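Asks: Each chain, letter by letter, is given below.
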Amino acid sequence: RKEVEQDPGPFNVPEGATVAFNCTYSNSASQSFFWYRQDCRKEPKLLMSVYSSGNEDGRFTAQLNRASQYISLLIRDSKLSDSATYLCVVNPGGADGLTFGKGTHLIIQP
Amino acid sequence: NAGVMQNPRHLVRRRGQEARLRCSPMKGHSHVYWYRQLPEEGLKFMVYLQKENIIDESGMPKERFSAEFPKEGPSILRIQQVVRGDSAAYFCASSPRGTGGYEQYFGPGTRLTVT
Chain A
1 RKEVEQDPGP FNVPEGATVA FNCTYSNSAS QSFFWYRQDC RKEPKLLMSV YSSGNEDGRF
61 TAQLNRASQY ISLLIRDSKL SDSATYLCVV NPGGADGLTF GKGTHLIIQP
Chain P
1001 NAGVMQNPRH LVRRRGQEAR LRCSPMKGHS HVYWYRQLPE EGLKFMVYLQ KENIIDESGM
1061 PKERFSAEFP KEGPSILRIQ QVVRGDSAAY FCASSPRGTG GYEQYFGPGT RLTVT
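Which chain is which? The protein sequence lines are A and P, in order. Take this note's numbering: the final residue in the first sequence is number 110, and no numbers are missing along the way. Take this note's numbering: the final residue in the second sequence is number 1115, and no numbers are missing along the way.
Looking at chain A on its own, in the form it has when it is part of the complex (with noise of 0.2 Å):
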């Protein structure tokens, strides 16, 4: 089983739309959660980090269940320069190098 899992796409939204990711992770013992976005041949920018609790960054929405171990993100009124690609990445605690999913791409279509 993969550590974190992905939906590869590509997604194809429309201006505007809400779309949604998930990614799910194998390692219960896994202390912190992130999305990153990542453009082509670019290096991976962080987007937000992911808190039990669930938070909120303008149109992003992240969160966190640990019982089913799924991490979830939110973007609301998307725009052209969303179009990306969004990594799931994991902390599974111990060894402080970061897990990453292989990425969602989504592309925004005028």
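By construction, these hints were calculated from the structure, which means they are not laboratory data. Just so you know, not all the hints are guaranteed correct.
Under the rule of at most 20 Å between Cα atoms (straight-line distance), these lysine to any residue pairs were calculated in the SDA-like manner [what the hints assert, rightly or not]:
1. A:K45 <-> P:R1097
2. A:K45 <-> P:M1026
3. A:K45 <-> P:S1024
4. A:K45 <-> P:E1041
5. P:K1044 <-> P:Y1105
6. P:K1071 <-> P:Q1050
7. P:K1044 <-> A:N27
8. A:K45 <-> A:F21
9. P:K1044 <-> A:T24
10. A:K102 <-> P:S1087
11. A:K42 <-> A:S81
12. P:K1044 <-> P:I1054
13. A:K79 <-> A:M48
14. A:K42 <-> P:Y1105
What the simulated footprint calls covered on chain A by chain P, stretch by stretch (three residues with Cβ under 8 Å from a Cβ of chain P suffice, anywhere in the stretch; the number is not a length) [to be verified]:
15. 42-56
16. 101-107
This structure is a prediction, so every number in the text was calculated from the model and none was measured. Glycine is no exception: its CB is placed at the ideal position from the N, C-alpha and C atoms.
Starting from the structure of chain A, add chain P where the hints point.
Replies: Chain P in isolation, oriented as in the chain A frame:
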């Protein structure tokens, strides 16, 4: 406030040569991580270092790869006797703390091509 810096951005090596990749963390960050991204793959953790110490190298290939973070100067990822399979993007990240799930911030990466 400069972000994480990596150089070179692109590196071409012939099989059998050595590759040296450099990373300077963000100001105030003393924890450095190296990741590798193969084409069409996710990022894979390689090694975690603090100044003069390797904390976790569980993701490093057993041979040909080494990393250091000296007291002065950048962190170096060294690949000896490169092979075609080493062609990838190598990203460095830094964080202000090593535990507790602090966010890691990534540099622009070095794209290594082995011919």
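Asks: Hint check: K1071 of chain P vs Q1050 of chain P, CA-CA at most 20 Å. Holds or violated?
Replies: Distance of about 9 Å is within 20 Å: holds.
Asks: Can you take a look at whether the segment 42-56 of chain A is actually covered by chain P? Rule is 3+ residues, C-beta closer than 8 Å.
Replies: holds (count 6)
Asks: Take the C-alpha atoms of K1044 of chain P and T24 of chain A, compute the straight-line distance between them, and say whether it is at most 20 Å.
Replies: Holds: K1044 of chain P and T24 of chain A sit about 17 Å apart, inside 20 Å.
Asks: With the threshold set at 20 Å, check whether the alpha-carbon distance from K1044 of chain P to N27 of chain A stays at or below it.
Replies: Given that 20 Å is the threshold and the Cα spacing comes to 16 Å, the pair holds.
Asks: Mind checking the alpha carbons of K1044 of chain P and I1054 of chain P for me, to see if they're no more than 20 Å apart?
Replies: holds, 17 Å
Asks: If you draw a straight line from the CA of K45 of chain A to the CA of E1041 of chain P, is it 20 Å or shorter?
Replies: Within the cut-off at roughly 17 Å; holds.
Asks: Within 20 Å, alpha carbon to alpha carbon, are K45 of chain A and R1097 of chain P?
Replies: Between K45 of chain A and R1097 of chain P the Cα gap is close to 18 Å, so the pair holds against 20 Å.
Asks: CA of K42 of chain A to CA of S81 of chain A, is that 20 Å or under?
Replies: Within the cut-off at roughly 15 Å; holds.
Asks: For the pair we were handed, K45 of chain A and M1026 of chain P, check the Cα-Cα distance against 20 Å.
Replies: With Cα atoms ~14 Å apart, K45 of chain A and M1026 of chain P stay inside 20 Å; holds.
Asks: Regarding the pair K45 of chain A and F21 of chain A, is the alpha-carbon distance no greater than 20 Å?
Replies: Holds, at roughly 17 Å.
Asks: What's the verdict on K42 of chain A and Y1105 of chain P, does the C-alpha distance respect the 20 Å limit or exceed it?
Replies: Roughly 13 Å between the alpha carbons, so the hint for K42 of chain A and Y1105 of chain P holds.
Asks: Measure nothing beyond the straight line between the CA atoms of K1044 of chain P and Y1105 of chain P; if it is 20 Å or shorter, mark the hint as holding.
Replies: With Cα atoms ~15 Å apart, K1044 of chain P and Y1105 of chain P stay inside 20 Å; holds.
Checked against the numbered hints above, the structure violates none of them.
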